[in-house]
Amino acid sequence: MTLSTLRSTPHPRRRSIAAGGLAALVSVALAACGAPSASDSPSAASNISAGSGTGTLKVWALDGQSAENTAIQKIVSDFESTHPDIKVKMQFLPADSFAKALQTSSPADLPDVLEVDGPQIANLAYGQKIAPLSDYVSAATVQNQTDAVKGQNTVDGKLYAVSMMNSGLAMWGNKKLLDKAGVTMPKSASEAWTADEFTEVLKKLSAVVPNGKPLGIAENNGLSSEYGIYGFSPVLWSAGTPMIANGKASGALDSDTAVNALKKFASWKQFTNPDGDGTAFQSGQVALNWMGNWMYPAYAKALGNDLVVGPLPNFGKGAKTGSGTIAWSLGGHTKNGAAAGKLLDFLMSDPVVSTYTAANGAPPATKTTAASSPLYGAGKPLAFLRDQLDAACPTEDRLSQQCVAVSRPVTAGYPVVTSSFGKALTAIWGGADVAASLQAAARAIDRDFADNNNYK
Amino acid sequence: MTRVRSIKRSRLLSRTGRYALLVFFGLIFFVPVYYLLVGSLRPGDKVLGGLSALVPSDLSLDNYAGVFNRFSNDTTGYVWQFAGVSLAVTAIVVLGGLLVNSLAGYALARMKWRGRNIVLLLVTIMTIIPFEAVALPLYYMLSGQRNTLYVQALPFLANAFSIFLFYTYFLSIPVEVEEAATIDGAGPVRTLFQVVAPMSLPAYATVAILTFLGQWGQYLWPVLMITDTKLRPLPLELSVFQNAQPPEWGPVLAFGVLFVLPVLVVFLIFQRSFVASVASSGVKG
Amino acid sequence: MTLLIRSQARRTAPPTQRRKRLSSHAIMGPVMAAPALILLAVFLAIPFLGAIAMSFYRLQLNSTRAPRFIGLEQYSRLFTDPDISAAFLHSLGNNFTFAAVVVPVQTALALGLALLVNGKLRGMAVFRTMFFMPLVFPLALVAVVWRLIFARDDHGLLNSAISLFTGGSVGPHDWLGSSATAMGAIIVMSIWQSVSFQMIILLGGLQAVPHDLYEAASLDRAGRWSQFLHVTVPGIRNTLIFVALLTTVFSFRLFDQVYLLGQSGSVDIESTQTMMYQVITTGYDQNNIGQGAAMAVVFLVIVTIVAVIQRRLVRQEGSIR
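Protein chains in written order, with the working numbering: chain A, 37 to 492; chain B, 685 to 969; chain C, 193 to 513.
This is chain A alone, in the form it adopts within the complex:
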């Protein structure tokens, strides 16, 4: 996109002279700068080519946990030694500026292979920052991806990313405290506490924790951050409504079903430990913690055999969990697609996925490794989380009573969805009117969609 196209914008009569003059001035100033030219019919596939299958690959990875960083560097150097004709130049980028780095990069700057955040995939595909990759990775790699991540990684029927790992939410319990209050953790999604039962459970547990606030929801992550929509959109799904239905948020995100579910959720604030540093559960101040799989190592270390895990509360249409996380994509303008595909195939191979998920404790996202995972395999401590992910909806337009794992809305307008929902959730948790907050969020989302021609 470039402002040089301003000059050819076909509304000359609607422009005031002053505005036109300014625009011309600016476009002249900007035209010289060699930004990529715009096109009205995006077609990402035409921007990439297979290349020779050798040479240097530019790779961008998210600066993640230390263990992940170490693991991925080791994996990449293994790839180089098994593929002597391909060199990998990888660099880490901090998470908070990663999206901006992608948005601002010119085609020439873009990497050949990159990590992408799951829910942003549709947006990145729309901006041609990433390309469909089925032609470049092997059929076996695609075949081996679990349904849950395929839901996240597929946009308009095309696969834009492949995943080494997935993620899932659960209710983590401190068995000692639960026992004290006479509470038993449900063992499967179908046995989940209803929302009303959960309120009763919290009341019982208030008596057994030091400050009377037995629930943790990782407020320290920030409800207006990406964690807000990841962690708490299952409340809506479980109540039976998607956030976006038929390309509109109105009637879905602000439906009575959604309003009532979030009202219930907000009523639990009185039982919620603020948990400023995310350690209240480990230190036994909190009996039940609403959290993702990635905290398991810390919890297991602190609680040992007292750690129990179960589903999130059921708001009426079956317990749900969020799913989806960082995945790997093909750069939208790579001229070395064949070599990039080899790297992606390598990343998705069983030993690599096993090494990587062992390093960060995430659920493997490939079928062959998920079953044999030392953490998530049958009978292993987190088998429950894999059961949830195996029961994938996998997208919010296919909710049902039985399915559990749902990806965040797959839409190119996702940035406004997450920011609007986060804002509403923060306001609701802070005590604002639930219906008004959700209606405002729905309006903001629909306005953005309409402004952008529904991202067609």
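Hints in this document: simulated from the structure, not taken from any laboratory.
Hints are supplied without guarantee of correctness; some may be wrong.
Cβ-Cβ distance ranges computed for the label pairs, FRET-style [unchecked claim]: (1) C:S361 / A:E233: 34 to 40 Å; (2) B:L952 / A:D192: 32 to 38 Å; (3) B:L735 / C:R504: 48 to 54 Å; (4) B:L952 / A:K194: 39 to 45 Å; (5) A:K299 / B:A775: 55 to 61 Å; (6) B:F708 / C:A292: 21 to 27 Å; (7) C:V293 / B:F708: 17 to 23 Å.
None of the values given here were measured: they were computed from a predicted structure.
Quick reminder that beta carbons are idealized off the backbone N, C-alpha and C, glycines included.
Using the hints provided, position chains B and C relative to the given structure of chain A.
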């Protein structure tokens, strides 16, 4: 009315009263600094521990080691590399800024030329425009220059507020001094740098320090312009530990200390002249 | 600021003396000013015109579609669309609240501190250093440290201190998260970070007040308060105005603290969001560049009006004297 007492020392009621106030405010100002420092030397889970977070126990350099270990190869970048980029960009902006802004300030304060008053008005207006308001159009203009060192510095060289500070300071210098130099045949550039500048060290120091402080924390612009690890300045990396799950408060604070340390050292060394200079470059009554 | 320019200009040499020297500068003047002026034009003025142009378009950073010209729609939304205008006007209100508190409080505190450190006491250097230290903190770090201090549970430093001093009778409070105290908390951290700069400028003003004025005043048996009002304040009047103007302009730019704390989810955005916050979140985070640009343009018009009004008020007051 203690404030009034301090005006005239002969009428001070008590040194004790002043000391009490100084200690009170001093503590308020210092506690957060101390908190940062102590927190950076203690395990991360002790950072949020109420008042006990201020107790200097369990001290170690582990958090600092964590920071350096985290950034330890070409893929991650190095702490010294980020700091080097920040230092280089800041140095260019400070030194270049002193030059161009003092030249302009002098031309506005001491020289008569067509359009001077309009320029002065425009400069005054431009002090109001925050950089954030122009960053995106500037990104489009300069998108071909991404991932360079100079593009991080160029937009900040000229600074309307610095010009304004130089302008006011130069006005307050007795004009006779320069006239003597002019009679000796010196041109305006020579007069500025040989006669006026040595008399205006406070103004130069003020602008230098303000520019340094503003530039050292620059975040938005490098986010838009820099993806290359080798060219990334320090502030972009501050978030890495904060975004961890759960936040690694120890390394966050250690990184914070490493972040302010160079500034603090410079500042403490020049504190005396800084105070003198800012004080005297302020507009006098 | 024009006021200051005028008061300064009066002190320069008389015109007859200057004429000869100045006439030779018709060329050198623009030449010396040129580097800075060209840089300002290229990196501030033209991009700002660019921002004005963008405000007539709908465009996104990531989009492959051409920007679409929509005339004044971004502006009309800003004032008529219930959601956008509510948020924007609310932010505007927050800006004024912030400025209305910070300008007088910070100026007064800066004056108080300047009076306090103006003079020789043993250990004064140490105290001055303590006051100045926050100045070197980049705002990103200020936000981190104060977020921990204001943490809402009893692990927060402030809550813990209050609990100690009240013997536990006052429970923990969510300083940043509660709409009643969020803005106050932002104000405290902003003043903490920057008051010493104003203090130094005022210190210069104080030191420039001629000492004999105080002696005359004490001969007249003026009380300390009366001395302060009739000697000190008039003596540093211009400095005070300068500081107040400066603080006003900077207080309208309030953004970093709110934004950084907002990202970590620890602050009540509703009661702390400001115009610059809207500009950035709309233009950058929501990628609605045209709307963000329109906000920036309106923001600058408002700040300019505030600056002009403030200057007028000050000038009128001056003419009475």
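Here is what the structure says about each hint:
{"no.": "1", "hint": "C:S361 / A:E233: 34 to 40 Å", "result": "holds, 37 Å"}
{"no.": "2", "hint": "B:L952 / A:D192: 32 to 38 Å", "result": "violated, 59 Å"}
{"no.": "3", "hint": "B:L735 / C:R504: 48 to 54 Å", "result": "holds, 49 Å"}
{"no.": "4", "hint": "B:L952 / A:K194: 39 to 45 Å", "result": "violated, 59 Å"}
{"no.": "5", "hint": "A:K299 / B:A775: 55 to 61 Å", "result": "holds, 56 Å"}
{"no.": "6", "hint": "B:F708 / C:A292: 21 to 27 Å", "result": "holds, 26 Å"}
{"no.": "7", "hint": "C:V293 / B:F708: 17 to 23 Å", "result": "holds, 21 Å"}
Consistency note: the structure conflicts with the earlier hints numbered 2 and 4.
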